[in-house]
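Below, each chain spelled out in residue letters.
There are 2 protein chains.
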Amino acid sequence: MSMSHLRLGRPQESFENLMKSIEERLRSVKHKIMVVSGKGGVGKSFITSSLALATAIKGRSVGVLDADIHGPSIPKILGINKPLVYADEQGIYPAIGPLNMKVISVQFFLPEEDTPIIWRGPLKGRLIGEFLSKVVWGPLDYLYIDLPPGTGDEALSVAQYIKGISGAVIITIPSDLSRVVVKKAIRFCKELKIPILGIIENMSGFTCPKCGTTYELFGSGAGVRIANEVEVPYLGSIPLDPRISECNDNGEPFVIKYPDTQATKAIKEIIEKIIKTLEVH
Amino acid sequence: MSMSHLRLGRPQESFENLMKSIEERLRSVKHKIMVVSGKGGVGKSFITSSLALATAIKGRSVGVLDADIHGPSIPKILGINKPLVYADEQGIYPAIGPLNMKVISVQFFLPEEDTPIIWRGPLKGRLIGEFLSKVVWGPLDYLYIDLPPGTGDEALSVAQYIKGISGAVIITIPSDLSRVVVKKAIRFCKELKIPILGIIENMSGFTCPKCGTTYELFGSGAGVRIANEVEVPYLGSIPLDPRISECNDNGEPFVIKYPDTQATKAIKEIIEKIIKTLEVH
Chain Y
167 MSMSHLRLGR
177 PQESFENLMK
187 SIEERLRSVK
197 HKIMVVSGKG
207 GVGKSFITSS
217 LALATAIKGR
227 SVGVLDADIH
237 GPSIPKILGI
247 NKPLVYADEQ
257 GIYPAIGPLN
267 MKVISVQFFL
277 PEEDTPIIWR
287 GPLKGRLIGE
297 FLSKVVWGPL
307 DYLYIDLPPG
317 TGDEALSVAQ
327 YIKGISGAVI
337 ITIPSDLSRV
347 VVKKAIRFCK
357 ELKIPILGII
367 ENMSGFTCPK
377 CGTTYELFGS
387 GAGVRIANEV
397 EVPYLGSIPL
407 DPRISECNDN
417 GEPFVIKYPD
427 TQATKAIKEI
437 IEKIIKTLEV
447 H
Chain G
167 MSMSHLRLGR
177 PQESFENLMK
187 SIEERLRSVK
197 HKIMVVSGKG
207 GVGKSFITSS
217 LALATAIKGR
227 SVGVLDADIH
237 GPSIPKILGI
247 NKPLVYADEQ
257 GIYPAIGPLN
267 MKVISVQFFL
277 PEEDTPIIWR
287 GPLKGRLIGE
297 FLSKVVWGPL
307 DYLYIDLPPG
317 TGDEALSVAQ
327 YIKGISGAVI
337 ITIPSDLSRV
347 VVKKAIRFCK
357 ELKIPILGII
367 ENMSGFTCPK
377 CGTTYELFGS
387 GAGVRIANEV
397 EVPYLGSIPL
407 DPRISECNDN
417 GEPFVIKYPD
427 TQATKAIKEI
437 IEKIIKTLEV
447 H
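Line by line, the protein sequences give chains Y and G. Its first residue numbered 167, the first sequence is counted upward by one per residue in the working numbering. Its first residue numbered 167, the second sequence is counted upward by one per residue in the working numbering.
Just so you know, these hints were derived from the structure itself, not from any lab. Be aware that a few hints might be false.
Since the list gives no way to pick one copy over another, a pair counts as held whenever it fits inside one copy or between any two copies.
To be verified - Below, computed lysine to aspartate or glutamate pairings styled on DMTMM-like, alpha-carbon distance capped at 25 Å: (1) LYS349 to GLU418; (2) LYS248 to GLU395; (3) LYS423 to ASP342; (4) LYS349 to GLU412.
All of these numbers come straight from a predicted model, not from anything done at the bench.
Hey, can you work out the whole structure from these sequences and the hints?
This is the structure we're talking about:
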């Protein structure tokens with residue numbers, strides 16, 4: 167049965183039953199990591215997919231839940247253009263992405279690319295709940311959850327469906343303007359009682375490949391400053407690289423295509439830290 | 167009376183009365199321009215304040231309404247750190263920013279910088295409605311409205327309060343990933359029956375000041391491609407410049423501090439186009 171024929175609405179079902187089904191579906195997942203940003207446009211989806219790829223490279227079985235109801239872009243970034251998502255009486259099966267990753271995106275459930283513009287947040291949250299209660303993940307070491315940007319309605323209505331999050335990763339850019347935004351993200355995690363694995367600073371400087379000069383296009387060092395200020399681990403910084411956007415647009419995973427770049431190395435170092443934190447206990 | 171003593175809630179008041187008050191308050195404004203982005207992090211607030219500044223430079227009286235309930239950053243960008251906002255029985259008076267601009271921001275009404283993280287969208291929209299019904303703008307040629315990013319709940323609940331918008335400006339970055347996002351923004355404007363003035367592409371390439379090489383850090387040319395595709399005017403592109411982020415962080419208006427840069431020139435050209443469109447009729 168293809169997705170377009172699957173009816174997601176079961177209006178009779180209570181919220182509690184929904185939550186119970188979701189919990190059961192996620193029981194086979196060891197570590198659930200939520201990727202949070204206080205605002206959009208910080209490269210959250212790129213970081214989510216790169217962390218997932220780097221984890222898979224380390225030999226772990228990995229899933230990605232693209233729960234960004236506002237702009238689901240994980241499938242495009244991972245090159246899953248025409249996803250093979252199947253459903254039967256057992257539930258919905260994730261698409262298989264690069265490195266054998268299991269991928270489920272809100273995008274798979276949207277009728278048309280540019281159609282549903284004025285959906286109300288809670289409605290979309292409900293959609294997430296509905297399909298989360300049906301996904302057959304199977305055994306996974308890691309599940310990365312790409313939350314909608316921000317700490318408002320949309321992020322909240324998704325986050326509430328997933329219990330037992332191992333930790334959250336907060337993405338920011340190096341600008342001082344993002345200070346308030348990161349603090350909101352931290353407060354968001356704390357109110358939801360999600361442990362914070364740390365802050366990742368994206369778009370941290372651009373080194374001209376020709377002359378070697380480094381420019382801080384979006385300010386500098388806010389990530390590490392805020393991390394110190396609020397006493398949250400600083401996981402690392404990912405430099406700007408024009409090939410990142412190119413890869414994202416072409417659906418070629420950057421960390422696979424450019425394994426020796428600074429950006430890929432930074433992501434792999436972050437994964438070492440995350441694995442150390444989560445697997446030691 | 168200082169803002170902190172002003173009670174904004176009037177729960178008895180009907181939505182219709184609220185809408186009527188807002189309309190009356192905005193009657194003295196000639197042109198109302200809404201700045202929309204399909205997603206966050208595209209520099210919407212920077213563009214809004216720069217367009218406002220460039221309009222003021224052209225001798226028009228200008229106001230800015232920072233209605234980005236999610237992350238109000240206009241005051242910081244314009245260097246209005248401790249705003250003098252007064253209220254009396256006539257209403258709330260905007261703060262005065264650079265070039266005599268009248269500025270009202272959601273931020274002026276928030277209790278603490280990082281406090282209200284999990285506000286529900288519609289509630290925040292209501293707050294906007296409440297204070298919009300009280301702002302004493304006085305006669306203005308142009309009012310720029312910085313909408314929350316996205317085309318979801320938050321943007322919608324703000325946009326619905328302001329009738330008679332002269333036109334919307336849509337901000338994007340040059341990446342192909344933003345194609346869907348821009349289309350959503352266009353659809354958003356069309357559903358709200360707001361005429362589209364055009365698309366502005368921000369972060370369009372970075373030219374290394376040392377060696378002169380240009381890099382397309384966030385892809386290239388999606389703005390103009392999409393504009394052609396959907397038959398909407400293309401207003402222009404603003405190149406990346408590390409001094410923009412620096413200025414924003416320091417509260418120094420970039421277009422004033424760096425009048426001869428490519429970015430400032432591009433903004434001024436866009437303003438010429440907008441003025442021509444709106445003032446001819």
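**Message:** Name the hints, by number, that the structure is in violation of.
**Reply:** As far as the earlier hints go, not one is violated by this structure.
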